[in-house]
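Participant: Okay, here's what each chain looks like letter by letter:
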Amino acid sequence: MKKILAAALAAAMALSMVACSTTGSSTQGQSGNTGSNNSAQSSGGSGAYPTQNVNGIVQWGAGGGTDSLMRPLSALAEKNLGKSIVIQNMTGATGSVATQYVYDAATDGYNLLMGAENPALYDVLGISELTYDNFECVYLIGDEVVGIVVGKDSPYSSFTEIVDAAKAAPGTIKLSTTGTGGLPWEVGAFITDVTGAEFNQVPYDSDASAKTAVMSGECAFTVCKVQSGIEDWKAGDLNFLCMLSKEPVEIMKDVPLITEEYPDFEKYLPWGPFYGVFVKEGTDAAVIETLAKAFSEAGPAESYQEILGNFNINFLGYTGEDAKNYIASWRENTVNALKNSGALEQQ
Amino acid sequence: MLEALSYMAVVFREPWLIALVAAGTCAGVYVGAIPGLSGTMAVSLLVSFTFGWETHSALAVMIGVFVGSVFGGSRSAILLNIPGAPAAVATALDGYALAKKGRAGEAMGLATSQSVIGTLLGVLVLATCAPLVANLARNFHSIDYLILSLMGLMMVGSLSGRSVRFGLIAGCIGIFLGCVGVDGQTAIKRFTFDIVYLNSGVDYVVAMIGLFGASEALIQITDMAQAPVKQKVDKILPSWKESAKFLPLTIKSSIIGVLVGALPGAGGDIAALLSYDQAKRSVKNPTSPFGKGAVEGIIAPESANNAAIGGAFIPMLTMGIPGDAVTAVLISALTIQGLRPGPNLISQTPDLFWLIVASLLLASVFLLVFGLTGIKAFTKIVEIPKGILMPTILILSVIGSFAIRNSVYDIFWMFAFGFIGYFLKRFNYPIAPIVLGCILTKLCEENYRRGVMLEGSIRGMIGSIFTSPISIVLFALLVFLFATQTETYKNWKAKRDAKKEAAKA
Numbered sequence: 129m130k131k132i133l134a135a136a137l138a139a140a141m142a143l144s145m146v147a148c149s150t151t152g153s154s155t156q157g158q159s160g161n162t163g164s165n166n167s168a169q170s171s172g173g174s175g176a177y178p179t180q181n182v183n184g185i186v187q188w189g190a191g192g193g194t195d196s197l198m199r200p201l202s203a204l205a206e207k208n209l210g211k212s213i214v215i216q217n218m219t220g221a222t223g224s225v226a227t228q229y230v231y232d233a234a235t236d237g238y239n240l241l242m243g244a245e246n247p248a249l250y251d252v253l254g255i256s257e258l259t260y261d262n263f264e265c266v267y268l269i270g271d272e273v274v275g276i277v278v279g280k281d282s283p284y285s286s287f288t289e290i291v292d293a294a295k296a297a298p299g300t301i302k303l304s305t306t307g308t309g310g311l312p313w314e315v316g317a318f319i320t321d322v323t324g325a326e327f328n329q330v331p332y333d334s335d336a337s338a339k340t341a342v343m344s345g346e347c348a349f350t351v352c353k354v355q356s357g358i359e360d361w362k363a364g365d366l367n368f369l370c371m372l373s374k375e376p377v378e379i380m381k382d383v384p385l386i387t388e389e390y391p392d393f394e395k396y397l398p399w400g401p402f403y404g405v406f407v408k409e410g411t412d413a414a415v416i417e418t419l420a421k422a423f424s425e426a427g428p429a430e431s432y433q434e435i436l437g438n439f440n441i442n443f444l445g446y447t448g449e450d451a452k453n454y455i456a457s458w459r460e461n462t463v464n465a466l467k468n469s470g471a472l473e474q475q
Numbered sequence: 354m355l356e357a358l359s360y361m362a363v364v365f366r367e368p369w370l371i372a373l374v375a376a377g378t379c380a381g382v383y384v385g386a387i388p389g390l391s392g393t394m395a396v397s398l399l400v401s402f403t404f405g406w407e408t409h410s411a412l413a414v415m416i417g418v419f420v421g422s423v424f425g426g427s428r429s430a431i432l433l434n435i436p437g438a439p440a441a442v443a444t445a446l447d448g449y450a451l452a453k454k455g456r457a458g459e460a461m462g463l464a465t466s467q468s469v470i471g472t473l474l475g476v477l478v479l480a481t482c483a484p485l486v487a488n489l490a491r492n493f494h495s496i497d498y499l500i501l502s503l504m505g506l507m508m509v510g511s512l513s514g515r516s517v518r519f520g521l522i523a524g525c526i527g528i529f530l531g532c533v534g535v536d537g538q539t540a541i542k543r544f545t546f547d548i549v550y551l552n553s554g555v556d557y558v559v560a561m562i563g564l565f566g567a568s569e570a571l572i573q574i575t576d577m578a579q580a581p582v583k584q585k586v587d588k589i590l591p592s593w594k595e596s597a598k599f600l601p602l603t604i605k606s607s608i609i610g611v612l613v614g615a616l617p618g619a620g621g622d623i624a625a626l627l628s629y630d631q632a633k634r635s636v637k638n639p640t641s642p643f644g645k646g647a648v649e650g651i652i653a654p655e656s657a658n659n660a661a662i663g664g665a666f667i668p669m670l671t672m673g674i675p676g677d678a679v680t681a682v683l684i685s686a687l688t689i690q691g692l693r694p695g696p697n698l699i700s701q702t703p704d705l706f707w708l709i710v711a712s713l714l715l716a717s718v719f720l721l722v723f724g725l726t727g728i729k730a731f732t733k734i735v736e737i738p739k740g741i742l743m744p745t746i747l748i749l750s751v752i753g754s755f756a757i758r759n760s761v762y763d764i765f766w767m768f769a770f771g772f773i774g775y776f777l778k779r780f781n782y783p784i785a786p787i788v789l790g791c792i793l794t795k796l797c798e799e800n801y802r803r804g805v806m807l808e809g810s811i812r813g814m815i816g817s818i819f820t821s822p823i824s825i826v827l828f829a830l831l832v833f834l835f836a837t838q839t840e841t842y843k844n845w846k847a848k849r850d851a852k853k854e855a856a857k858a
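Top to bottom, those sequences are chains A and B. To convert, count from 1 in the first sequence and add 128; that's our numbering. To convert, count from 1 in the second sequence and add 353; that's our numbering.
Keep in mind the hints are simulated off the structure, nothing from the lab. Where is the CB? At the ideal position from N, CA and C, for every residue including glycine. Honestly, I wouldn't trust all of these hints.
As the list claims (entries may be wrong) - With a cut-off of at most 20 Å between alpha-carbon atoms, the simulated SDA-like pairs for lysine to any residue come out as follows:
| no. | chain 1 | residue 1 | chain 2 | residue 2 |
| --- | --- | --- | --- | --- |
| 1 | A | Lys280 | B | Ala487 |
| 2 | A | Lys295 | B | Glu808 |
| 3 | A | Lys302 | B | Arg812 |
| 4 | B | Lys542 | A | Ala248 |
| 5 | A | Lys302 | B | Thr820 |
| 6 | A | Lys302 | B | Leu807 |
| 7 | A | Lys302 | B | Ser817 |
| 8 | A | Lys362 | A | Ser286 |
| 9 | A | Lys353 | A | Asn442 |
| 10 | A | Lys362 | B | Asn697 |
| 11 | B | Lys795 | A | Ser337 |
Stated by the list, open to error - Sample of chain A residues at the chain B side, in silico, Cβ under 8 Å:
| no. | residue |
| --- | --- |
| 12 | Ile255 |
| 13 | Gly309 |
| 14 | Lys362 |
What the hints assert, rightly or not - Heads up, incomplete: computed chain B residues facing chain A, CB under 8 Å, no partners named:
| no. | residue |
| --- | --- |
| 15 | Asn492 |
| 16 | His494 |
| 17 | Ser495 |
| 18 | Gly537 |
| 19 | Gln538 |
| 20 | Ala540 |
| 21 | Val549 |
| 22 | Pro617 |
| 23 | Ile674 |
| 24 | Thr688 |
| 25 | Gly691 |
| 26 | Asn697 |
| 27 | Arg758 |
| 28 | Glu799 |
| 29 | Arg803 |
Let the sequences and hints guide you as you build the complete structure.
Facilitator: Structure (structure tokens):
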């Protein structure tokens, strides 16, 4: 018995050492051979890429919203690519750990950053020096619509009522957020900029707990993705007061648009969290093209569109200049609003 | 009711589903036993692995893994003094002490039976009064979480062993480490020195692996002369009489487990620690002193952390809000399967609710099977020569800490914690309070700040305690816990007991 166990343990050790050394050497290779890899790629042209499996580094945890969009897409795209896309979740610090990791790797196209909108604001929030300006967008999957929500026992039946209440007593109406830089915080800045109303922003650790705070009456209102609020809305626990969108959301046709009450919101719309696949800046154009082709053939596939539908994501499917322009105008709008509302003053 | 039974019967009629739950539970026990490999990790791997499967099968295997892994953490805690998961930190205190006395088999048998009872009680609550508990969890405000975390922090006293002063120092180290990283509420960096990899802070699982795993290996290596303890394996299953004697404690601990597990902001790890503390306070004559091999010190955390499983499913199934990290992953698994977790889930898909209940029941049966059959082989681990065992533990610690976030920096952290743990142990400092501090800092600090923000001032926050019945009860409990530890109370109680004795005589 003892011998068998000892042998098994020895085998396990040997295996794990092999595993450790392979990961070790591959990362070393990436950081050490940046230059040579680069030149090999450019001289080899698009025909040479990919010669090995590609790493997909997801900014958020396994099973989260971003992860759930990236895994099925990669499964489709790798068929077009001819090599596997190996998904790794690298979480932490609003996704900046993964962003830094991909930036530190070589520009050979073998490390893809799979992320949400957050890096577009890293520099203004002081989270990191890096933003999506330091990356090339391979494929922009789509974006989401968000709305203003209150609990079912809320005294407010329209967004205007909330704004008026906040103007009557500035800084007392409680808006539950997911912290500085989170979605409700951003939209809070838009609202302040457009309407002049100021709120008492109370941060929670996730959108689920910010939502629960509204349902329990701890806070007056929050901002919620359609995806995360729809079931509570159907059950009558949450009430969507209005949508930050130019067009009504199909499944919630009766919910008014924010522009009906405050037309000035027009300048910030369409606005919502977005999801995309990126590579480090300076990656060979041919490599980006190969990747973009693989992903843009995968995106419109019926099985993937069904997943997007389940998550209530508006499909965009942008590559190249379209994607770049989308992100640039998203960032400009958001930063402007944050500055105008004073949300960025302390930074 | 009949309807419910027919939905549950689906699982018992399908050999395929039974086999999946069994396989999941078995794998879960081993995943849980390896420090660093966690149930959360295994279940998230399964999400992509079972992507194309039919919902029932996918859920069955994930639930098996969940139940198995929560229990598995106790294995390495008892045998090696290395908790396989944060929820087993409390189990290590008395479990390892028992193993040192050659009673590891008994300790593991006890952990198994208690985990099974805990799981069953948790499922019972889930099946019978989920909406009631969900309502309680939903009305748990920031201030209530703050009080809960303060109760948790008071446990530094319970975990300190000989000297409370040393325990406090260790607790402070933990709290300090818990502050490192980008603050979630304001996005301001604390103690990061502009190093991006410090932004995400110190993962408390990494701290746990280093402090318990690596430091234990270092201690044992410097202590090579000491021969491994020969383990008795004749008495594994606790007798009925014994189980009956401890049943009140099991039930009390399980209730703590379900309730804490049902809170979205607190999970099995906090439940296990709180119930250990509760046992230490309430059990008058433990079989051995706590920390030196009290079986009560295994019963309480082991029944609580498994009861927390049923608890964690309550907010997930009734509101679509995860009760802990694993149920968070399960929610996305359901979403990928085309289901809509939320308040309508139970009414729209009652079959799913009862499938989960039935799978949990099955998993607890298999837990009994795999938990008890593996004991003899597991006890052999302790008897492996140290020259082989200790390097293996170090390697597992490296793999485990890397696997959490795929970050090489976590390996450095793990070794740093290993060395800190080594020296603290050498100088008789308790190390459990460091992990406690790391786990509770965020809960305590964020809810304190939120409480103040909600009411606008500290005075307003304290006042808000008296506006909700939950807060009043918790606050009274906190005051009671604190007061009963003071010298004044102890003197008064000693006098009263003496008087009673005198009256009797």
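Participant: Any CB of chain A closer than 8 Å to the CB of B/Arg803?
Facilitator: Result: holds, 6 Å to nearest chain A Cβ.
Participant: Straight-line Cα separation of A/Lys295 and B/Glu808 no greater than 20 Å?
Facilitator: This hinted pair holds, its Cα atoms lying about 19 Å apart.
Participant: When you check the alpha-carbon spacing of A/Lys280 and B/Ala487, does it fall within 20 Å?
Facilitator: 17 Å, holds
Participant: Hint B/His494 vs chain A: min CB-CB distance below 8 Å?
Facilitator: 6 Å, holds
Participant: Does B/Gln538 pass the interface hint, meaning its C-beta sits closer than 8 Å to a C-beta of chain A?
Facilitator: Holds, because the Cβ-Cβ distance from B/Gln538 to chain A comes to roughly 4 Å (cut-off 8 Å).
Participant: Using 8 Å as the Cβ threshold, decide whether B/Asn697 counts as touching chain A.
Facilitator: 5 Å, holds
Participant: So, B/Pro617 near chain A? Judge it on the closest CB pair being under 8 Å.
Facilitator: 6 Å, holds
Participant: Does the interface hint hold: is B/Val549 within less than 8 Å of chain A, judged Cβ to Cβ?
Facilitator: 4 Å, holds
Participant: Need the status of pair A/Lys302, B/Leu807: alpha-carbon distance at most 20 Å?
Facilitator: OK: A/Lys302 and B/Leu807 at ~7 Å, within 20 Å.
Participant: Holds or violated: B/Glu799 as interface residue toward chain A, Cβ cutoff 8 Å?
Facilitator: Hint on B/Glu799: holds, closest Cβ of chain A at ~6 Å, below 8 Å.
Participant: Answer holds if the nearest beta-carbon of chain A is closer than 8 Å to that of B/Gly691; otherwise answer violated.
Facilitator: Since the shortest Cβ distance to chain A is 6 Å, the answer is holds.
Participant: Against chain A, is B/Gly537 within 8 Å by beta-carbon distance?
Facilitator: Status holds, d = 5 Å.
The earlier numbered hints are all upheld by this structure, with none contradicted.
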